[in-house]
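Student: Chain by chain, the residues run as shown.
Number of protein chains: 2
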Amino acid sequence: MDIIALIMAGGTGTRFWPLSRIKKPKQFLPIISNRTMIEETVSRLLPLIATCNIFTIANSEHTKLIKELLPELPKENLLVEPKGKNTAPSLILATAKIYLQNPESVVAALPADHLIRDTSLFLKKLEAGAAAASQGEYLITFGIPPAHPSTGYGYIQFLTENPLRFSGEKFYSVERFKEKPDYEHAKSFLQAGNYFWNSGMFIWKAEVFAKKLKHYAPTMYMYWEKILDALNKNDIKKLEKIFDEIPSISVDYALMEKAKGVLMCEGNFGWSDVGVWSSLSEIWQKDNQGNAIRTEAITIDSKNCLVHNPSKLTALVGVKDLIVVDTEDALLICHKDQDQKVKEVFEKIKKKGKIDYL
Amino acid sequence: MDIIALIMAGGTGTRFWPLSRIKKPKQFLPIISNRTMIEETVSRLLPLIATCNIFTIANSEHTKLIKELLPELPKENLLVEPKGKNTAPSLILATAKIYLQNPESVVAALPADHLIRDTSLFLKKLEAGAAAASQGEYLITFGIPPAHPSTGYGYIQFLTENPLRFSGEKFYSVERFKEKPDYEHAKSFLQAGNYFWNSGMFIWKAEVFAKKLKHYAPTMYMYWEKILDALNKNDIKKLEKIFDEIPSISVDYALMEKAKGVLMCEGNFGWSDVGVWSSLSEIWQKDNQGNAIRTEAITIDSKNCLVHNPSKLTALVGVKDLIVVDTEDALLICHKDQDQKVKEVFEKIKKKGKIDYL
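These protein sequence lines map, in sequence, to chains C and R.
Taking the numbering used here as reference, the numbering of the first sequence is continuous, increasing by one, and the terminal residue is 358.
Taking the numbering used here as reference, the numbering of the second sequence is continuous, increasing by one, and the terminal residue is 358.
Honestly, the hints are just simulated from the structure, not real lab data.
Calculated cross-link-like contacts (lysine to aspartate or glutamate; reagent style EDC-like; alpha-carbon spacing at most 16 Å):
#  : chain 1 : residue 1 : chain 2 : residue 2
1  : C       : Lys348    : R       : Asp301
2  : R       : Lys214    : R       : Glu257
3  : C       : Lys320    : R       : Asp321
4  : C       : Lys351    : R       : Glu296
5  : R       : Lys312    : C       : Asp329
6  : C       : Lys180    : C       : Asp252
7  : R       : Lys343    : C       : Asp301
8  : R       : Lys312    : C       : Asp356
9  : C       : Lys350    : R       : Glu296
10 : R       : Lys180    : R       : Asp273
11 : C       : Lys343    : R       : Asp301
12 : R       : Lys336    : C       : Asp301
13 : R       : Lys351    : C       : Glu296
14 : R       : Lys320    : C       : Asp337
15 : R       : Lys124    : R       : Glu266
16 : R       : Lys341    : C       : Asp301
17 : C       : Lys348    : R       : Glu296
18 : R       : Lys354    : C       : Glu296
19 : R       : Lys24     : R       : Glu39
Chain C regions said to be covered by chain R (calculated; three or more residues, Cβ under 8 Å):
#  : segment
20 : 314-322
21 : 330-342
Note that the Cβ used here is the ideal one computed from N, Cα and C, for glycine as well.
Here chain C stands alone, though its shape is the one from the complex:
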C-alpha cells in the first residue's frame, strides 16, 4: 500500500493579518517555529512517507513559494489549482491526478497549516487510517476530542458502539457532520461526549473516493469525470474552464456529510488548527508574567500579551491581554478576546481599496 500525502496549501488565512497576506498566507509563515508551517507539515510526515509520495495543491503563485521552501519535493508532485474554489474542487483535482497514476493509492489529505504536537502518535494513527482506507470502502476522518465548547469548529457526531479496528486503532461510524454550532449547542455536544471537532483531515483510496462521489454527489462526480478527461489530455485550458464552473464548496458539504461508510478515528495527537493569533499563546514560550514575546522586549507591569515584532525593540507598560503584531508596513494591536475580529480589519482594508496591505 502506497500512502500519498496530499498537503492542502490553498488557505488564504486572513486571521493572521498583518503577518499573513494574500501573497503569503499562514502556511508560508514561521508562526509556530522558525520554519514555515508547510515545512513543519512535510517534515512531520517524512518518517512514514517518502518525498516522492508527498503532493501539494495550491494556486500557481503559492506553488512557486512551495518550490522554494521544499525543493526536495518532485516538481511534478506540486499540483496547481487553476482557481481557489474551496476544498471539494481542490481534492477532486488532486485525487483524480493520483488516481490516474494508481487508482488504488491511498490519499491522506492534510492541511498545510495545522499544528500536531505528538508526531509519532499522529503517524501511527495516519498509518492505521490508511490501512482502514485500503481494506474497505471507507472515507476516513480524524475527530479531535473537544477541549471546550468551541463555536469555531464543525463537529462530527459518531456512534460510540462497535468501532471497527485497523492496526490496533478504533474507527467509529460517523452519524453526522455538524456545522459550527452556537454556544448552547456546543455545550450540549461536549456533554453528550460523542461529538468531536472536525479536523479537516481525510483519508481515502482514490477509486473509493470516485465511487462515493458517484453515489452521493453525482453533480461533483460529473466534474470528476471532466477533470479526469482534461488531465488525461493534459488540457490546461479545459481544466481552467472546469474550475470556472465547478461549485465552490467544501468536501465536507459536497461529500462527507452525504456519504455512507465514513469512519472517524480519534485525533488525540495534540492537534491545533492555529486559527487565530491568541491560539499561539499556548504554543510560544512565555515569561513568568504570561507574555509570549518573539522579539527583544522590555516589560513593565504587563502580562498575558502576545508580541510578534522580530525586527524591533518592543516596550510594554501597564498592559495585559494584548496581541501586538508589527510588520514592515502595518501594526496590529488587538485585545486577545477579540482576535476573531482581525478578519474584519482585513475586510475594512479591502473595502478601502488599500490592496497593498492585503
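We have chain C already, so just place chain R on it with the hints.
Tutor: Showing chain R alone in chain C's frame:
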C-alpha cells in the same frame, strides 16, 4: 527696553521615548504640530521680538539641530553650554553673555518644549513681565492656575493681596516655591487657591539677576564671576572647566526659592509642558471614539487611544486607553494611566547597555 528671549533647549526628555532620543529630545520633534516644538516656540515670539534678540542655549550637538531648524537666528545667538548641568548653570551662562552686551537687557527665559495655546495673551503678559523686570529689582515668573491637584509640577505660593501692576497686569509677591508635592498636599494647594503651578518661565534684567545671585546665592555668584571672566577672555577651555565644577542644580533651587523680590504673573494663556504622552490626548485631534491618531488607521471597538505611527497602517481592535508609538527601531505600547513609567523603560534600556535605543 530690549527684551531678549532666551530659549532653553537643554532638555533630554526621556518621557517621550521611543520618539524622543538623547540625540533628538522632545523640543526637536514635531509633537504638537507638523513643526518641531522649538520652531513653534520661536515662531510664537516673532510678533514681539526680532530674531536678533532671540537666543538659544543647548549642548553643541543640539545646537547643530537648532542651526538647521532655525537658520533665521543669528549664529552668535546660539549659545553652547559645555555640559548639561540643569537650569542654574545654563541660565547663569546665558544671562552673563547677554549682560556683557548690555547689563540692562531684560531676559525672558523660556523652555523650548512647552505648548502655549493663546499666543496673543502670552505675548501681552510677556511684555508686561518685561516691563516689571525693567522697572524694579524683581525676578518675574509665570504661575499657571492649577487645573487639578497635580503631583507632577512644583507650586508657587503667592500673596493674593496688593499685587503690583505693570502694563495693566497684576504681579503677586511670591512667598515660597514648593517642590512637587504628594497628592494630599496638592489637593490642599488647590483648595487654598494661592498656589499656582511653576511654569519654569522667568524674566529678569541681567544686572538684577547678578545682584540677586550675589545676595541670595553667593556660591553661584562666584561661578557667575568666573563665567563672566571666561566669556570676556573668550576662553572656552576655562568655561569647560567651570562647567565641570559648577553644581548641577535648578535655578528654582539655586536662586528663586531664596531670593526676595520675586513676583508672579498669572499664566492663564493655555500653557502645557506636554510632559508625558497622554498630555497629547488634549492636543491632537480626536475621532468620535476619543482616539487621537496620527497615522492611517483602522479602528474596531477601540477608544481613547493615542497613536503615533506616521509611516504605517495601524489597526486597533477591542482596545482602549492605550498609547501606541511606533518608530523605525522601537515600539511602545503603554496604558495611558502609566505613561510616567516610560522613563523606567528608558532606564531599563540604559541598564541593558542598548545605547542605540536611547
